[in-house]
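Order-wise, the sequence lines are chains A and B. Take 1 as the starting number for the first sequence in full-length UniProt numbering and just add one per residue. Take 1 as the starting number for the second sequence in full-length UniProt numbering and just add one per residue.
Think of the hints as simulated: they come from the structure by calculation, not from any bench. Treat the hints with care, since some could be wrong.
To be verified - Here are a few chain A residues that face chain B, going by a calculated C-beta distance under 7 Å:
#1 36
#2 40
#3 43
#4 101
#5 104
#6 119
#7 120
What the hints assert, rightly or not - Restraint ranges, calculated between C-beta atoms of paired labels, are given here:
#8 320(B) - 36(A): 26 to 36 Å
#9 187(A) - 170(B): 53 to 63 Å
#10 280(B) - 138(A): 49 to 59 Å
#11 55(B) - 224(A): 29 to 39 Å
#12 19(B) - 184(A): 54 to 64 Å
#13 298(B) - 267(A): 15 to 25 Å
Said to hold, decoys possible - Restricting the straight-line Cα-Cα distance to at most 30 Å, the calculated cross-link-like pairs of lysine-lysine (DSSO-like) are:
#14 6(A) - 98(A)
#15 31(A) - 305(B)
#16 98(A) - 215(A)
#17 34(A) - 305(B)
#18 215(A) - 59(B)
#19 231(B) - 255(B)
#20 139(A) - 31(A)
#21 288(B) - 305(B)
#22 267(B) - 275(A)
#23 6(B) - 228(B)
#24 98(A) - 305(B)
#25 6(B) - 59(B)
#26 228(B) - 288(B)
#27 267(B) - 305(B)
#28 275(A) - 305(B)
#29 37(A) - 305(B)
#30 267(B) - 231(B)
#31 59(B) - 105(B)
#32 228(B) - 255(B)
#33 59(B) - 98(A)
Even glycine gets a Cβ: it sits at the ideal position worked out from N, Cα and C.
Listed below, chain by chain, are the residues.
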Amino acid sequence: MSNYPKPDGPTLRAIYEKAARIQFNDERVIKEIKAGKLVMPFYSTRGQEIIPAAISVSLTDDDYVNTIYRGGHDQIAKGFPLADYWAEIAGRVTGACKGKGGPMHLTYPAKGIMVTTGIVGSTAPIANGLAWAAKLEGKGRVTIANFGDGAANIGAVHEAMEGIRVDGNDPDEMYGVARWAIDRARAGEGPTFIEATTFRFNGHLIGEAGGYMDKELYAASQTRDPMPILRRRLVEEGIVAAGELDALDASIRAEIDAAVRTAYAADYPDPSELKVDVLVDAIA
Amino acid sequence: MTDPVKMTMIDAINRALHDAMEENGRILLLGEDVADPEDGGVFGATRGLSTRFGEDRVKSTPISEQAIVGAAIGASLVGYRPVAEVMLMNFMTVAMDMLVNHAAKLRFMSGGQTSVPITVRTMTGSGLSLGGQHSDFVEAWFAHTAGMKVVIPSSANDAYGLLRSAIDDEDPVIFVETLPIYWAQGDVSFERIPIGRARVCREGSDLTIIAYGQMVPHSLTVAAELAKQGKSVEVVDLRTVSPWDRDTVLASVAKTGRALIVHEAVKEYGVGAEIASVIGEALFGQLKAPIQRLGGAYCPVPFSKPLEQAFAPNADSIGAAATALLS
Ligand SMILES: Cc1ncc(C[n+]2csc(CCOP(=O)(O)OP(=O)(O)O)c2C)c(N)n1
Ligand SMILES: [Mg+2]
Chain A
1 MSNYPKPDGP
11 TLRAIYEKAA
21 RIQFNDERVI
31 KEIKAGKLVM
41 PFYSTRGQEI
51 IPAAISVSLT
61 DDDYVNTIYR
71 GGHDQIAKGF
81 PLADYWAEIA
91 GRVTGACKGK
101 GGPMHLTYPA
111 KGIMVTTGIV
121 GSTAPIANGL
131 AWAAKLEGKG
141 RVTIANFGDG
151 AANIGAVHEA
161 MEGIRVDGND
171 PDEMYGVARW
181 AIDRARAGEG
191 PTFIEATTFR
201 FNGHLIGEAG
211 GYMDKELYAA
221 SQTRDPMPIL
231 RRRLVEEGIV
241 AAGELDALDA
251 SIRAEIDAAV
261 RTAYAADYPD
271 PSELKVDVLV
281 DAIA
Chain B
1 MTDPVKMTMI
11 DAINRALHDA
21 MEENGRILLL
31 GEDVADPEDG
41 GVFGATRGLS
51 TRFGEDRVKS
61 TPISEQAIVG
71 AAIGASLVGY
81 RPVAEVMLMN
91 FMTVAMDMLV
101 NHAAKLRFMS
111 GGQTSVPITV
121 RTMTGSGLSL
131 GGQHSDFVEA
141 WFAHTAGMKV
151 VIPSSANDAY
161 GLLRSAIDDE
171 DPVIFVETLP
181 IYWAQGDVSF
191 ERIPIGRARV
201 CREGSDLTII
211 AYGQMVPHSL
221 TVAAELAKQG
231 KSVEVVDLRT
241 VSPWDRDTVL
251 ASVAKTGRAL
261 IVHEAVKEYG
271 VGAEIASVIG
281 EALFGQLKAP
291 IQRLGGAYCP
301 VPFSKPLEQA
311 FAPNADSIGA
321 AATALLS
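Chain A with its partners taken away, still in its complex shape (with noise of 0.2 Å):
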């Protein structure tokens, strides 16, 4: 991994940033179902945050994503502005899709979140036209495809694509192999497949008992949750000063709870809205 690129100091700390406003909302977005005052499916990406963390941070706005259901960390590590995305899984009309998706569809064409599928294997066939269309604009845009392992069972996933493994729960390989690929397809020279190695804390689906997870992995998994490592490694390198990064946690948080609070108190979509968005006319 020593000829990838190195994330510095400040990049370190974006990283963070991004991944935990992504661990925040995500264990929120699990205590509000809890609390039944969400009904939805929630794939939780407790664990998993570092990818879409040190990946995003070498993206722009205009820069294109396709996820999955499981998708909250790559549309929050893209900039899903959080109001937006609280409206929408609390179903309300204030939402980023008017609360017509839902939380396996979240779409924010603004920062680049495009689709968002609850169909296995389906990012990467649509991420290839995202793709092209960029190549003819010609203006450098990259193209990110996520799916999970069990996707790669999909004929379409299948591409010929360089592919490169690496520990997706560190930040040094992870930021190193996604800015080197992102750089390179930037330049036009080709897509790249990164396998990135991370664990699902949460299991499938909250709610569900998770009796598949293998025991010994699960247990080994939780003494090196990545967040912690990343938090306790900011203040050590002396990168970000303990009591700052108190005040970041609190800042993040604080934004997450004001956007859980207007997305409640917003209004349910009229059922007139079922005629609207299916054509580019509403149906009479």
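Dock chain B with the ligands against chain A, hints included.
Leaving out everything else, chain B with the ligands in the frame of chain A:
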């Protein structure tokens, strides 16, 4: 004959699979997470079966619906009777080539030399806040494809009886399980129910409601309500969407003179259009009112609760349509 036993639809399906596999060693099961090491299915419909019959006959597969249906087709061509599970009906779209170009057509295209006696079980239904890619009813697509049968049970007993017949059937059968009634209890008598025959589940003289799946319990609620107002409503449960039981439906509508067809699938171009057309062709002149249809709104299933509740027909909207037809 065994005494009826109270159980949920999901348990009835599990029993049907179990009894079929017990009787016939050539029945195989495959699908995502169907074996016991993977919990016996997302909702446990196949729980216990791999333990009982072995993982040679009950196989968990990779996430590839094309591979699942393809493998079922292949094994069926050479004497096996696979029951494939496609977790949700929306994921059938990923296997459309296998279903439409292969399962439905191999018998015809081979001049009858080969056939595809598979059952494809799949689950769906709005009302669970799952949004646009996890809730659709697309039975009309399969009913429109010559060469396959489509079955949608409305109760635990029908699920058992129809699934047994689907597995016995010599043709591909799409077996659609409605999630919101998966856990509803009913008496199951463990007898096969023939494919292609509807059931008059309540007799009446003023109006026929033709429904299937979850719309049957909704229609029965409406019929009971209207009976209190002196209106006599007959409810026909189609049970099989294709080939559907014209005789039973036409006999009922000939008697009542009024027809209301209800399904959860989007109304436009839905199964109801075909049924309405056949009733019109056969009974024009005997009808006391125009045939009415109710179906899902013409839009993807929405996430937001109030929108989702307004999407599909329910007892309120069926009741309103029935009352309008009777007045
Ligand atoms: C085509 C299709 N088949 C099945 C499913 C049901 N399903 C939802 S998530 C999932 C597991 C996907 O695993 P993976 O790609 O590794 O992503 P992860 O959820 O582990 O992040 C399955 C089978 C689906 N959504 N789409
Ligand atoms: Mg996975």
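Status of the hints after comparison with the structure:
This hint is violated: residue 36(A) has a C-beta 13 Å from the nearest C-beta of chain B, more than the 7 Å allowed. The beta carbon of residue 40(A) comes within 5 Å of a beta carbon in chain B, closer than 7 Å, and the hint placing it at the interface holds. Given the 7 Å rule on beta carbons, the hint for residue 43(A) is violated: about 12 Å separates it from the nearest Cβ of chain B. About 6 Å separates the beta-carbon of residue 101(A) from the nearest beta-carbon of chain B, less than 7 Å, and the hint is met.
At its closest, the beta carbon of residue 104(A) sits 5 Å from a beta carbon of chain B; the interface hint therefore holds under the 7 Å criterion. Checking residue 119(A) against chain B: minimum C-beta separation of about 6 Å stays under 7 Å; hint holds. The beta carbon of residue 120(A) is positioned within 7 Å of a beta carbon in chain B (closest approach about 5 Å), and the interface hint is therefore held. Between residue 320(B) and residue 36(A), the C-beta spacing of about 31 Å keeps the proposed range 26 to 36 Å intact.
For the pair residue 187(A) and residue 170(B), the beta carbons lie near 59 Å from each other, so the given range of 53 to 63 Å is met. Taken as a hint, the range 49 to 59 Å holds for the pair residue 280(B) and residue 138(A), whose Cβ atoms sit roughly 58 Å apart. Between residue 55(B) and residue 224(A) the Cβ separation comes to about 33 Å, which falls inside the hinted range of 29 to 39 Å. Range check, residue 19(B) to residue 184(A): about 58 Å between beta-carbon atoms, so the 54 to 64 Å window is met.
At roughly 24 Å, the beta carbons of residue 298(B) and residue 267(A) sit within the given window of 15 to 25 Å. Distance check on the hinted pair: residue 6(A) and residue 98(A) sit about 41 Å apart at the alpha-carbon level, beyond 30 Å; violated. For a cut-off of 30 Å, the pair hint linking residue 31(A) to residue 305(B) stands: about 20 Å separates their Cα positions. A hinted pair counts as satisfied when its Cα atoms are at most 30 Å apart, and residue 98(A) with residue 215(A) does not qualify at roughly 40 Å.
Of the supplied pair hints, the one linking residue 34(A) and residue 305(B) holds, its CA atoms being roughly 18 Å apart against a limit of 30 Å. At most 30 Å may separate the alpha-carbon atoms for a hinted pair to count; residue 215(A) and residue 59(B) meet this at roughly 23 Å. A hinted pair counts as satisfied when its Cα atoms are at most 30 Å apart, and residue 231(B) with residue 255(B) qualifies at roughly 15 Å. As the CA atoms of residue 139(A) and residue 31(A) are separated by approximately 42 Å, the hinted pair breaks the 30 Å bound.
Of the pairs offered as hints, the one joining residue 288(B) and residue 305(B) is violated, with about 38 Å between alpha carbons and a cut-off of 30 Å exceeded. With a C-alpha separation of about 14 Å, the suggested pair residue 267(B) and residue 275(A) falls inside the 30 Å cut-off, and the hint holds. Note on residue 6(B) and residue 228(B): the hinted pairing holds, with a Cα-Cα distance of about 29 Å set against a maximum of 30 Å. About 12 Å separates the Cα atoms of residue 98(A) and residue 305(B), which keeps this hinted pair within 30 Å; it holds.
A hinted pair counts as satisfied when its Cα atoms are at most 30 Å apart, and residue 6(B) with residue 59(B) qualifies at roughly 29 Å. Straight-line distance between C-alpha atoms of residue 228(B) and residue 288(B) comes to about 22 Å, which keeps the hinted pair within the 30 Å bound. Taking the CA atoms of residue 267(B) and residue 305(B), the gap is near 20 Å; set against the 30 Å cutoff, the hint holds. Only pairs whose Cα atoms come within 30 Å are accepted, and residue 275(A) paired with residue 305(B) is accepted, the gap being roughly 16 Å.
For the suggested pair residue 37(A) and residue 305(B), the alpha carbons sit about 13 Å apart, so the restraint of at most 30 Å is met. Straight-line distance between C-alpha atoms of residue 267(B) and residue 231(B) comes to about 26 Å, which keeps the hinted pair within the 30 Å bound. Restraint check for residue 59(B) and residue 105(B): the C-alpha separation of about 25 Å stays at or below 30 Å, so the hint holds. The hinted pair formed by residue 228(B) and residue 255(B) meets the criterion: a straight-line CA distance of about 21 Å does not exceed 30 Å.
About 41 Å separates the Cα atoms of residue 59(B) and residue 98(A), which puts this hinted pair outside 30 Å; it is violated.
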